[in-house]
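Chemist: Each protein sequence line maps, in turn, to chains A and B.
Numbering (full-length UniProt numbering) for the first sequence: 1 to 729.
Numbering (full-length UniProt numbering) for the second sequence: 1 to 374.
By construction, these hints were calculated from the structure, which means they are not laboratory data.
Glycine residues also receive a C-beta, built at the ideal position from the N, C-alpha and C atoms.
It is possible that some hints are incorrect.
[Stated by the list, open to error] What follows is a set of in silico ranges between Cβ atoms, one per label pair, in the way DEER data are often shown:
#1 Pro265(B) / Arg104(A): 53 to 63 Å
#2 Leu297(A) / Gln84(B): 46 to 56 Å
#3 His350(B) / Arg604(A): 43 to 53 Å
#4 Pro265(B) / Ser179(A): 55 to 65 Å
#5 Arg717(A) / Val283(B): 18 to 28 Å
[What the hints assert, rightly or not] Here are the simulated lysine-lysine pairs, DSSO-like style, with alpha carbons at most 30 Å apart:
#6 Lys237(B) / Lys440(A)
#7 Lys136(B) / Lys186(A)
#8 Lys72(B) / Lys618(A)
#9 Lys716(A) / Lys346(B)
#10 Lys82(B) / Lys391(A)
#11 Lys316(A) / Lys237(B)
#12 Lys340(B) / Lys716(A)
#13 Lys237(B) / Lys296(A)
#14 Lys716(A) / Lys307(B)
#15 Lys186(A) / Lys237(B)
#16 Lys47(B) / Lys716(A)
[Unchecked claim] To give a feel for the contact side, a few chain A residues facing chain B, derived at Cβ under 10 Å:
#17 Asn14
#18 Phe19
#19 Pro23
#20 Arg604
#21 Asp720
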Amino acid sequence: MDSPSHDTPLAAANNIEPFFILPKAAAAAAAASSSSPPTTTTRTRRRIDVSPPSSPNPKSAKRPRNTEEEDEEEGDVALYERLRLEAFHRTWSKIQSTIDEVLRDINLKLFDQVLQWVHESFSAIRSVATPCPAEIQQPYPLLTDVICRKIPTAFVLTKNAEFVDDVTTFRDLTDHLESNGCHLAKLSATEFAAKHGVGGCLRSLLRQLLSDVPDVADVSALASWYCGVENYDQPMVIIIDDLEQCSGDVLGELVIMLSEWVVKLPMFFVMGIATTLDAPRKLLSSEALQRLDPCKLTLGSPSDRMNALVEAILVKPCAGFSISHEVAVFLRNYFFRHDGTITSFISALKLACSKHFSIEPLSFLCMGMLEEDSENFWRDKFDALPQAMQKSAFGLPSCTRENYSVKTDNVVEGLSELMKFQKDWSSVLLCLYEAGRHEKMQLLDIFCEVINPDMHTQRAPKSDLLMSKVTSENLSSGKSGAGRRFIDRALDTVRYMPTDKLLRVLDVWSTHLKGMNEITDKVKELQSTTISTDSVKITKDKWPRRSTHSSPNRVAPLNDKATMLLDDITRKVLVPVECLPFHEIICFKNVGVLQSALLGNPRRMVQLDLLKSQSCLKCSCCSKNRIAVSASLHDTSIMCNLAQEYGDVINVHDWYLSFDGITNSTHSKGKRRLLGSPSKKKSKAMPRQSESMIQARFCRAVTELQITGLLRMPSKRRPDLVQRIAFGP
Amino acid sequence: MASRGFHAVASSGSEDEEEEAGLSRSYFLAKEKEPSGKKRARAAAGKLSDLNIVDEQVLRASLAEIPPKHEKEVDALTKSYKDQYRNWLFELRCGFSLLMYGFGSKKLLLEDFASTTLTDFTVMVINGYLPSINLKQVMVTIAELFWEQTKLNRKHKSGTKSQPQSFASQSIDDIISFLNNQASEGDDHVCLLIHNIDGPALRDAESQQCLAQVSCCPQVHIVASVDHVNAPLLWDKKMVHTQFKWSWYHVPTFAPYKVEGVFYPLILASGGHAQTTKTALVVLQSLTPNAQSVFRVLAEYQLANEKEEGMPVSSLYTKCRERFLVSSQVTLNSHLTEFKDHDLVKIRKHSDGQDCLHIPLVSDALEKLLQELA
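With the sequences and hints as input, model every part of the structure.
Modeler: The following block contains the structure:
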C-alpha cells in the first residue's frame, strides 16, 4: 500500500495542490510489465493486486499455478462481473420505472385537478382583459375597468413532514403541466435565499423560460418573450415546492412584483406546503397575502403511497429481485422509525439490490426473470458457467438442505419453480391484504410477517416445507404461532365482515386469483352461495356468536367459509421465499451489509476505532494487557483512552503528563506490561524517549483527535483546557 | 501470578466497574460545575506553561521523525481492503457514491484504489483538507475535461462546435447545467476523488450543495472520505438520498494524518503563550532601545495594576517624558503604531471613556518576557 511514489516530490506537490488529475501512469506501467497484452481492464487490475510476491494475501499463495489457467479464470470473473452489473441495471431500471409509474398514477388525480384549476384561472384572467402583444410590452398598466392584482395560487398540502418525497411529486407535476401546454418554472428554497434577494429568483425564473437570459433580470424581458407567437396564449405556472423553507421577504417581494403584471402575463403559483394551511400566513406579509388568490389541494397520504409501492415492487416482484425477512423487517423499521420518507425507503432498496448483485456470484441469473423465454436463458447461461461456479450453485444452503443431485435442469427447474411460485404467492398475499385493509392494516406489515421463515416452520410441519399439497390434518395441526399477528387479524376481519363488504372482497379475490383455477373455483362457489342472501339472513341467528364483538353482524356460514378458504390458501401458498431452493440467487439476505452501507455512523465507529484499536489492528502486543492503557497502543488511541477520564474539558498539562507517563512506562502498570510483551517492543520502550519526541507525539495525537472532531482546541481565554466534544460511543 | 488472578477477578466484574466509573465521572462533572469547586480545581491543575516545552522548530523536526507504531498491522489492515476494491467499483458503476470513514488517513488507500481499479475513469483528486480550496476552479476544470472529451468525440464525427464562453467566466449554475447536458456518449466517465469532503473549506452549505449537484450529473462519480465525527450533519435528506446516494464504508486505516494535519496548529506550539512570548520577544528585539523601554514602562504598569483595564495613553506619555524616552506625543504615537501593528498592544476603552493600552499577555508570560528582554 505504502507506494514508494507517494513521497516523491511530485506526489508531495500534489498533496498541497487543491485538485489534480490522477496520473494513470501506475496502472499503465503495470499493464506494460505484464507479459501478455491485457484483454480487459479488469485483468490489469488483478495483475496489480497480486503483484507483490511476498504479501500475505491469500491470493498470492495461489501464484505458482498455471498462469494460463489463471488468466482464463480472471477473464471469467470479469465477464460475470459485467453480467451482474448488466443484471443490476436492467433489474433496477425495471423497478424504478415501476415506482415512477405507481407514484404517477397515485398523483394523477391531483395533477388533473391542478391542470383544471390552471385552465379555469387562465380563462378567468383572460375574461378581465385580453391584451395584445403591443399592449403587454407597454411600460404602464392596462386600462381596464377591473383592477386585477391577484395571482391565482394553488396551495398543495403534501402531508409530508419531510420535504424530500415531494421533490419527485413536483417534478412529475411539472412534466404533466408542461405536456399539457403550460409554461413551467420551478423555484426552490435555495433561489429564495435572502442573500440573493428577489433578483436571484427572477433570474432563475428567466433562465428556465427564456433561451438566452439578459444580464439585467427584469420582468419586461419576460414580457417581450411572452409576446413571441409560440409562447403567447399559454398560462405560465411557477411551482415552488417547499414554501416553508423560502425566505418570506423575498417571496413576498416577488409576489407583489408579479401581481402588477398578472393581467398582461397570466402567471400562477403552485406552492407545496408540508405543514398546515396557515404556513403562508406566517411567512408572508399581509400585503403580499392580499395579492394571492388561494385554492387548496391535497396530496394522497404517504401510507397510501407506501402500500401501492410495496404492492408493485415487493409483493409482485416486478423484476424478480426479492428480499429476505430480515431485510424486509429492517426496511420497515427504517421507514417507520428512521424518517418515514418513501425516498429513503427506495434508496435503501436500491442499495440492497446493488449489494445483492455485487455479492452473490450467481445473481446475474436473476435477469432471466425479465426474459421472455426464461428457461432457455437460464439453461444457456448455466451451461456456460465454469465448473466451479456450477458447483457453487448446488452448494447454496437452500439446496444442500434438499439433496438435489447435480443436474443443470434442476437449477433451471428450480428457478422456474421460483418464478411461478412468486406469481401465486403474490396473488394470495394480495387477497390477504384486501381483507386486512378494511382494518387499516399496512401491506408492509403483512408482507414482513408472511415472508418470515420461522413463522412458516411454525405453521406447517417440516416435511411439508416445500410442498404444494395441503392435507386437512396439516391445517389442524399447524396452529398459528404467537407471531401471526397480522394474518390472524386479516382472517378475523373476514370472519366478522358484513355480507355486502364480503361480496366485494370476494370479487377482488377472484380477480387476484386469476390463473389459479382450483382456488378461483372455490371463490366462485362461495359467490354463488351468497346469491341467495336471504337464506343467509335466516340461518344467521342459528350460528353461535364466536366473539364478544359488539358488531351487529354475527358469523354467518359464508364468512366462515371465506375465512376457511383464506386460511387454507394462506397456508398452502404463502411459503416464504427463503424456504425454497435456489432462492439465494434472487433474494437479498445480508442485512448487516445493507445496514452498514446505509447508515454510516462515524460518531460511534471512530470512537470505537480509537478505544478498541487493538481489535481493529489485531495486534498481539496491546491486547494482552487489557486492564490498563498500554504504551504500545496507537498514540491517538492512548490519548483518547486517557480523555475518557475527564469531563467535558481536559487540562492539557495533566493530560500531557499522563501521556508522558504511559509512553515511558514509568508506573507499575507499564512495567507489568513490559514483562509480558515481546522482547522487540521491550527494547524499544526501555530508553526514555527524548522530551521533544514525546511532545511531538502528543501534538500529533491532539491534532488527529481534532481532525476527527472529538476535540476542540483551547480558546484564548482558557489556554490550558481543551474541550471534549463527543462522550462515549 | 497473584496479580494476574486479581486482574481476572477485576475484569469479570467489569460491568460493576463501568457503572462505578460512570458514577464517579458524573460526580466530577458536577464538581466542576460548582463555582467554588472550579476555582479549587484550577488552582490544583497544572498549567501549560509549567511544562518544559521545546522550541517549535525542534518540535516540528521531531514530528517528522515519529517512529511508526504497528507498522505491520496497519499494512495488513490496508491490504485487507484491497479485496473489496471490486465491490467498490461495482457499486460506483451502479450509480452510488462511496463514502469512506473510520480513524486514520484514507488518502493513500483511496488513491491506491483509484489508480489500480478505476482505470476506465478519468480520476480527479480534490484535496478537501486544504483550507485554500476553491470549488469554482474545480468546477471549471471538470467542465473543461468534459469539453475536451466531447471535442475529441466530435472530431471523429463532424465539425466541432465552438465553446460558447470560457468556463471560468460562467457561473457555477451554468457549469452544472453544462455538465448535466453531457449526453452519455461512450465511456467518458469522470470520478471525483474527494479527500475530506468535510474539510474546513468545504464545510459550508453552498459548497456541499454544489458538490451534491455535481454528483448527480450523468457522467460524474464520487468517491469521498470523511474524518469528522459529525460529518453526516453536512447533508440533508435530499442530498443524501437523491443526489450523493452514499454507500458508506467503515475503513479505519490508522495511518497518520500527515498531510491533513499540516494546517492545524500544534497544541504545544502556538496554543500556549510560550509561543506568543517568543514572537513578542523577537519583535521587540528588532525595535530601537527607546521603543523597548516604552514597552517596558507599559508592561511594568500593567503588572503593577493587574486589575485595571489598561494604562491610559496620557499617563504613559507623562511617564515616558519623565524618563526622557520620548520627546513628543508624535514620537510616542509612532512607537504605539509599531506595537499595534505587531499585536503587542491592544487599545481598550476605559470605563471612564478614555482610551487605554493593554498588552494581551498573561502576567506570567509578561514577566518572562521582561526578563528575557533585559
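Chemist: Take the C-beta atom of His350(B) and the C-beta atom of Arg604(A), compute their distance, and say whether it sits inside 43 to 53 Å.
Modeler: 52 Å, holds
Chemist: Given the hint of 46 to 56 Å, is the C-beta distance from Leu297(A) to Gln84(B) inside that range or not?
Modeler: At roughly 49 Å between Cβ atoms, Gln84(B) and Leu297(A) fall inside 46 to 56 Å, so the hint holds.
Chemist: The hint names Asp720(A) as touching chain B; please verify it with the least Cβ-Cβ distance against 10 Å.
Modeler: 5 Å, holds
Chemist: Given the hint of 18 to 28 Å, is the C-beta distance from Arg717(A) to Val283(B) inside that range or not?
Modeler: 23 Å, holds
Chemist: For Pro265(B) and Ser179(A), compare the CB-CB distance with the range 55 to 65 Å and indicate the outcome.
Modeler: 59 Å, holds
Chemist: Measure nothing beyond the straight line between the CA atoms of Lys82(B) and Lys391(A); if it is 30 Å or shorter, mark the hint as holding.
Modeler: 26 Å, holds
Chemist: Quickly compare the C-alpha distance for Lys716(A) and Lys346(B) to 30 Å and report which way the hint goes.
Modeler: 15 Å, holds
Chemist: Would the pair Lys237(B) and Lys296(A) pass a check requiring their Cα atoms to be no farther apart than 30 Å?
Modeler: With a Cα-Cα distance of about 27 Å, the restraint between Lys237(B) and Lys296(A) holds, given a limit of 30 Å.
Chemist: Taking 30 Å as the top limit, are the C-alpha atoms of Lys316(A) and Lys237(B) close enough?
Modeler: Holds, at roughly 28 Å.
Chemist: Hint check: is the beta carbon of Arg604(A) less than 10 Å from a beta carbon of chain B?
Modeler: 8 Å, holds
Chemist: Starting from Lys186(A), check that the Cα of Lys237(B) is at most 30 Å away, please.
Modeler: 20 Å, holds
Chemist: Are the Cα positions of Lys340(B) and Lys716(A) separated by 30 Å at most?
Modeler: Measuring from Cα to Cα gives roughly 18 Å; hence the hint holds.
The structure meets every hint from the earlier list without exception.
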